[in-house]
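Let the hints inform the model, and build the full structure from the sequences given.
Quick note: the sequence shown, position 205, residue 205 per the numbering used here, numbers continuous.
Don't take every hint at face value.
Straight-line Cα separation of at most 27 Å, DSSO-like style, residue types lysine-lysine; simulated pairs [said to hold, decoys possible]:
id	residue 1	residue 2
1	K137	K182
2	K182	K144
3	K144	K189
4	K137	K30
5	K189	K137
Since the hints were derived computationally from the structure, they do not count as laboratory data.
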Amino acid sequence: MASRKAAVGEFLASDVRNRLRSMILGAELKPGQRLVEDDLCERLNVGRTPVREALLLLQGEGFLSRERGWVVETIDRSQLRAIFESRAAIEAATARLAARHADQAELDALARMIEAMEPAETLTRADLNSLNTQFHKLIVTASKNILLAQFHERTQFHYWMLRVPILFSESEVRDTNIQHRKILEALVKRDEEDADRAARLHVEATMAIVEPAIDI
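Right, here's the structure in full:
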């Protein structure tokens with residue numbers, strides 16, 4: 001009975017952690033925002049223990065810090081290059097594995113996302129960002145590597161918390177989707193080297209646009 005109770009507690013804490021993490025990544029909980037345990041209990045309709053355990057887990061993952069209470073972590077913009085370098089490494093690694101493990105349904109879904117992103121001028125920026133996020137998340141899922149998926153989520157947090165104040169031009173958006181097509185072509189061919197290279201170049205191309213435009 002005790003072990004069953006402990007398992008239920010772990011499940012609740014994991015569920016609360018996932019919900020809070022999604023709220024942080026979705027900017028529902030913003031960088032620098034203070035979190036009050038009682039408010040979170042009421043908002044998530046759970047007890048204090050799973051909330052406290054979830055907060056400790058998120059602190060260990062780098063999403064939260066403790067400064068006289070819980071605070072959503074902020075990102076120093078001087079870390080820009082390190083963030084992009086980390087993202088390039090993880091995107092390349094997951095693309096390489098996806099070339100080995102992706103099933104046909106995943107490849108078909110990636111192709112549909114690329115088609116949905118064209119022509120870019122017919123989409124809102126929010127829709128474009130959503131499709132782009134889904135595209136990269138599906139490649140991570142197709143890699144079938146849970147640890148890399150966790151690392152990817154961590155870099156995603158750092159990347160979006162930069163709040164990069166840049167609107168990509170229409171030509172840059174089109175170039176981005178050409179890069180997406182090159183990644184998919186490598187996955188379809190099961191060419192791990194090309195997938196790794198295409199994914200890395202894709203992230204580096206984004207950095208080449210962002211880095212000169214941001215004050216670091």
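Hints and how they fare:
| no. | hint | verdict |
| --- | --- | --- |
| 1 | K137 with K182 | 17 Å, holds |
| 2 | K182 with K144 | 21 Å, holds |
| 3 | K144 with K189 | 18 Å, holds |
| 4 | K137 with K30 | 22 Å, holds |
| 5 | K189 with K137 | 20 Å, holds |
In this structure, every one of the numbered hints holds.
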